[in-house]
Amino acid sequence: MNYLLLIYANEAEEPAMGTAALTSLMADYTEFTKGIIKGGQFKAGDRLKPVSSASTVRIRNGKVTITDGPFAETREQLGGYYLIDAKNLDEATAIAARVPGAKYGSIEVRPVWPPQG
Amino acid sequence: MSVGPDNKAVMGAGQAIEEVFRRAGAQVLATLIRLLGDFDLAEEARQEAFAAALEQWPVQGVPANPSAWLIHIGRNKAVDRIRRDKLFRTKVLDLETAAVDAEGGTRPEDALDDTIDAMFADDRLRLIFICCHPALTHEAQVALTLRAVCGLTTQAVARAFLVTEETIAQRLVRAKKKIRDAGIPFETPFETSGGPMLDERIEGVLAVIYSVFTEGYAATAGSALIDTELCSEAIRLGRLLDGLLPNQPAVLGLLALMLLHDARRAARVSAAGDLILLEDQDRTLWDPVEIAEGLALVERSLSLRGRVSVYAVQAAIAALHVRALQKEDTDWPQIMGLYEVLLRLQPTPIVELNHAVAVSMVDGPARALDLLDSLTARGQVEQYHLLHSARGRLLQRLGRSDEALGAYRAALNYATLEPERRFLSARIAILEESRPEGG
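From first to last, the protein sequence lines stand for chains V and Y.
Heads up: the first sequence runs through residues 1 to 117, numbered per the numbering used here.
Heads up: the second sequence runs through residues 1001 to 1439, numbered per the numbering used here.
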């Protein structure tokens, strides 16, 4: 069976850029990732951009709405995901609006950090 | 700067240059964003181009096409800086490609070409659409539009919305960060593949322009009723959008609506700063030029094919008001009919309230009061002072003075704007005075 591991943390408490704590954390992530690749358990993984870069797409009464920020309804639960490659946010939200769940739920569109080169 | 007889001439040149900056600023920013691919980088490049102009123009004269000159210099300065920085190696390659593409468009000697004007217009439209992008909060859209498209200072935007300069500055920083991080493109929705959001995107831009106007026309707080600068900026934005996106019913409708409201500006506030209701206004103070333009625009908006715009319907209502030379001539049955159309398009409490007021002028206050009571019974409007104020007037017309007094007091309880509070207090005072002793 496949499992999705969702990483939740308070962005305000995460180590800042350029600190030793961040370097150490990144090293831990690299080690962990290598470990599960070696173990044959890795399928995909990405670091997401901060929540301030999120937008939410919904369709209500046939009308597409895009709003700033992540989903806000506490009675909605995460039910699935798609990882897509889009030219820009407009293309990404246009695709999000085609997800059937947009008609009754919310599709959060969050950019992914490009791989570190 | 020299001191002496030349001083005045230098000052004059400086003012002329400031004026050019104000008029060309948005265009220069817009095209630099396209060429440099980044909002902040473009703002810095524009600043450097302005600095260069302040040095060179007083000596060499203002170029024939100042925008093209400023864009050319701004782009070169940005490219130089990026080359110096070396950190942005890949960006330089992109820029060099962009520079070749744009060369014809930004060389000052080519600047008067018509195709360049068209390209510039596209950039201005892209700037408007990126500032009003739905993935930004409404407050951020308004602040960014006033700052980047209208060229207002951060201080002026802060003053207009009665928040600190710090708040606006943060709002702008966050908005530009979102644009960069989320990959909001510098494109109009016409360029986006599929573009199913076209109407919504235009509606979004109009909502920003209209909230700039309403904030100016009926400020939500503070001591002054009308902020003329915001009204003028909103109308200027409306004209700009109509120039860039011609024959759009909603754009024409909004421009008409703003002009027809603005035409009544001088009659709406007394010398003492008090609110004067439409029915009590001195109609000779209305601006006939704005009215004529507004009326023509309503006609055009309603004659075009496509969805009926809520702005056009509201403008048509405003048109019926300004057409009446005396308040007795007002065509209330037609106004009532238009509010019914508006209710179908936009069933909001404020439209329901205005519809009820129109009904009171056609069928009398009793039926209107029923409508307002049914609106109240559905909840969520308790704190809406205009509803209580309208109820007060209907009750007064029905001779139910005690209930009218209660309604006005409720209105006063929720009203925040000083002139409105004075208006309500005056009504309450009159009713209290006319009350029988011990009644």
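Just to be clear, a hint being listed does not mean it is correct.
Straight-line alpha carbon distances no greater than 30 angstroms define the calculated BS3-like cross-link-like pairs of lysine-lysine that follow [what the hints assert, rightly or not]:
1) 87(V) with 103(V)
2) 87(V) with 1077(Y)
3) 1176(Y) with 63(V)
4) 1327(Y) with 87(V)
No lab work stands behind these hints, which were simulated from the structure alone.
Hint check against the structure, violated hint numbers in rising order: 4
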